[in-house]
Amino acid sequence: MSTRPFRVVRKHRENGDTVTLALEPVDGVPLPFAPGQFTMVYAFGVGEVPISISGDPARPGQLRHTIRDVGGVTHALFSLVRGDLVGIRGPYGTTWQLPEAAPRWGPLRTLGGPLGGHPMDVVFVAGGIGLAPLRPALLDVLAHRDRYRRVVLLYGARTPEDVLFARELEAWQSKVDVNITVDYAAPAWRGRVGLVTALIPRAGFDPEASVALLCGPEVMMRHAASALVHRGVAAERIELSMERNMKCGVGLCGHCQLREMFICTDGPVFTYDRVEPLLALREV
Amino acid sequence: MRTMEQELADHAFFAGLDTEAMSLLAGCSVNVGFRADEYVFKEGEPADRFYVVRNGRIAIEVHGPGVGRVVIDTVEDGDILGWSWLVPPYRWLFDARAAEPTTAVCLDGKCLRDKCEADSRLGYQLMSKVALVMTRRLAAARVQLLDLYGHRGLGEHSGPVR
Chain A
1 MSTRPFRVVR KHRENGDTVT LALEPVDGVP LPFAPGQFTM VYAFGVGEVP ISISGDPARP
61 GQLRHTIRDV GGVTHALFSL VRGDLVGIRG PYGTTWQLPE AAPRWGPLRT LGGPLGGHPM
121 DVVFVAGGIG LAPLRPALLD VLAHRDRYRR VVLLYGARTP EDVLFARELE AWQSKVDVNI
181 TVDYAAPAWR GRVGLVTALI PRAGFDPEAS VALLCGPEVM MRHAASALVH RGVAAERIEL
241 SMERNMKCGV GLCGHCQLRE MFICTDGPVF TYDRVEPLLA LREV
Chain B
1001 MRTMEQELAD HAFFAGLDTE AMSLLAGCSV NVGFRADEYV FKEGEPADRF YVVRNGRIAI
1061 EVHGPGVGRV VIDTVEDGDI LGWSWLVPPY RWLFDARAAE PTTAVCLDGK CLRDKCEADS
1121 RLGYQLMSKV ALVMTRRLAA ARVQLLDLYG HRGLGEHSGP VR
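Protein chains in written order, with this note's numbering: chain A, 1 to 284; chain B, 1001 to 1162.
By construction, these hints were calculated from the structure, which means they are not laboratory data. Be aware that a few hints might be false.
[Unchecked claim] Computed list of lysine to any residue pairs in SDA-like fashion (alpha-carbon distance at most 20 Å, straight line):
| hint | chain 1 | residue 1 | chain 2 | residue 2 |
| --- | --- | --- | --- | --- |
| 1 | B | 1042 | A | 186 |
| 2 | B | 1129 | B | 1022 |
| 3 | B | 1042 | A | 188 |
[What the hints assert, rightly or not] With beta-carbon atoms standing in for the labels, derived distance ranges:
| hint | chain 1 | residue 1 | chain 2 | residue 2 | range |
| --- | --- | --- | --- | --- | --- |
| 4 | A | 188 | B | 1011 | 39 to 47 Å |
| 5 | B | 1117 | A | 166 | 33 to 41 Å |
| 6 | A | 166 | B | 1023 | 46 to 54 Å |
| 7 | B | 1141 | A | 277 | 25 to 33 Å |
| 8 | A | 26 | B | 1093 | 42 to 50 Å |
| 9 | B | 1110 | A | 259 | 41 to 49 Å |
| 10 | A | 265 | B | 1011 | 45 to 53 Å |
| 11 | A | 282 | B | 1123 | 48 to 56 Å |
| 12 | B | 1031 | A | 282 | 47 to 55 Å |
| 13 | A | 219 | B | 1124 | 47 to 55 Å |
| 14 | A | 245 | B | 1038 | 19 to 27 Å |
| 15 | A | 265 | B | 1093 | 45 to 53 Å |
| 16 | A | 69 | B | 1012 | 28 to 36 Å |
For glycine and all other residues, C-beta sits at the position ideal for the given N, C-alpha and C.
Required output: the full structure, derived from the provided sequences and hints.
Right, dumping it as C-alpha cells:
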C-alpha cells in the first residue's frame, strides 16, 4: 500500500498540545475505514508515525486524526496549517468489535452475537488522548443508537483543560451517559476528580450484557479491565487498543511485536482474554 | 420517617455489620447538609468525625504557595469522607469542600473510637472497612502519581500515537 497525499482542510485546536486535522485525499478517492483502525501519517521530510483515526466512519471522504504534540514528527503534524500536505498509508489494523455493528466493520472475531437476540450495553473507557480512537466507534453507536441499550462513556483526563472533544461530549450527553473525571483540578471545577477506574463500580450498565471498549495508557487499561472483570464483564467482551513500538505498520519489521503477535496487524484492538497474560509481563 | 439505623443500613460501607453494631453507629450519627463551596473541614483541625455522603459531591483539596488550591480527589454518593479520626494525632490532613449542595451522615469519631476501644469486635469490623477504603484510595493515588496522561511514557512510534 503506497503513501497517498492528503491535504489539511481544517485544523481544530483541542487543547494546549493536541489538534484534530481534517484531511482530504488529493486524488479525490475516499479512504474507507472501520473504527479502531489507524494510518501511517507521513510529515514530509520529518518522518512517519502511526495515528489512530478519530473521524466518522460514515464519512470516508474526510479523514480525521487527533494528534498530540509529543515529539519531532507529531510536532510537525501539530504545526501543519490548512492547505498543507501529508502522506497517508493505510488504513491498517483490527477494528473495535460490536455485535450490532457486524458486518459493517468486518467479521466478528470472538464476541459472538447479541445475547439472546437482545441489544447490549456498551461501555467506553477512555484515558487522555485514548478518547480519539474510540470516537469513530462512539459516532457509529450514536448513529445506530436504537440497536443498543445503555451506552456509557467513562473518560479520564489530566485536567479539565485537557478534556478532548469538549463540545461533542456535551452534545453526546443526550444519548450517552457521559462521565468525566480528571487527575486534578482548580477549585472552580465542579466535576469529578480521581481515576477513571473509580467510575466503573457505580456506572449504570449490566455487566452480563455489556461490551467494553478501552483505550488509553496501558496501566490505565490494565486497571480498568481488571475493574470491569471484577464487576462481572466477561474478559472476551472487553477490548483494548494496544500500543507498542510501531514502525512499518504492516507486520514486517517486528518493532511492535508483543510476544507472538504484531500490534500493527494482529491489533491494535485485542480482546482482554487474549492479552491479559501479557500485560503484566515486563519482558514483552 | 426512616431511622438512622435504616439510613446507615442502606450504605454499602456498613454492609455486613450486625444489628448491635448498627445500633451503636446510629447512636453516634446525625444528618448534615452543606451548601456549595462550604468547607466540611480544613487541614489541621481536629478530626473528630467522618462522613457518609448521601447525595452530592465533596472536593478534597490541598493548598500551598505557588500552586494555590488544587482539588486532588472527590467523593460522592455512597462514599466515605475522612479517616483521620481513626489515626493519631486525629487532625485532618486536607481540606474538604462541598463542590455542590451535599447531604451526608456525620458520625462522631470520638464516640466511635471509645466504643471501638470497649468492643474489640466492633473495632476490628470498622477498621477492616476503613482499611479497604484507604487501600483503594492509596492505590488510586499511586496510579495518579504516574501522571499517565502527561507526556511521560508517550513517545512517537509507540503507536498508534492515539
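(request) Evaluate the given range 45 to 53 Å for the C-beta pair formed by residue 265 (chain A) and residue 1011 (chain B). (result) Roughly 50 Å apart at Cβ, these two residues keep to the hinted range, so it holds.
(request) Look at the Cβ atoms of residue 1110 (chain B) and residue 259 (chain A) and judge whether their distance stays inside 41 to 49 Å. (result) Violated - the Cβ-Cβ distance for residue 1110 (chain B) and residue 259 (chain A), about 56 Å, lies outside 41 to 49 Å.
(request) Given the hint of 19 to 27 Å, check if residue 245 (chain A) and residue 1038 (chain B) actually sit that far apart at their C-beta atoms. (result) violated (50 Å)
(request) Could you check the hint for me, namely that residue 166 (chain A) and residue 1023 (chain B) are 46 to 54 Å apart, CB to CB? (result) holds (49 Å)
(request) Using the beta carbons of residue 1141 (chain B) and residue 277 (chain A), state whether their distance is inside 25 to 33 Å or not. (result) Given a distance of about 28 Å, which is inside 25 to 33 Å, the answer is holds.
(request) Mind checking the alpha carbons of residue 1042 (chain B) and residue 186 (chain A) for me, to see if they're no more than 20 Å apart? (result) Holds: residue 1042 (chain B) and residue 186 (chain A) sit about 17 Å apart, inside 20 Å.
(request) Could you say whether the range 45 to 53 Å given as a hint is met by the Cβ separation of residue 265 (chain A) and residue 1093 (chain B)? (result) holds (50 Å)
(message) Check the hint pairing residue 1129 (chain B) with residue 1022 (chain B) against an upper bound of 20 Å on the C-alpha distance.
(response) Distance of about 14 Å is within 20 Å: holds.
(request) May I ask you to test the hint 39 to 47 Å on the CB atoms belonging to residue 188 (chain A) and residue 1011 (chain B)? (result) violated (30 Å)
(message) Just to be sure I understand the hint, the distance between the Cβ atoms of residue 1117 (chain B) and residue 166 (chain A) should be within 33 to 41 Å; is that true here?
(response) Because 51 Å falls outside the window, the suggested range is violated.
(request) Starting from the range 28 to 36 Å, see whether the pair residue 69 (chain A) and residue 1012 (chain B) falls in it by beta-carbon distance. (result) violated (43 Å)
(request) Confirm or reject the claim that residue 1031 (chain B) and residue 282 (chain A) have a C-beta distance inside 47 to 55 Å. (result) holds (50 Å)
Violation of the numbered hints given earlier is confined to hints 4, 5, 8, 9, 11, 13, 14 and 16; the remaining hints are satisfied by the structure.
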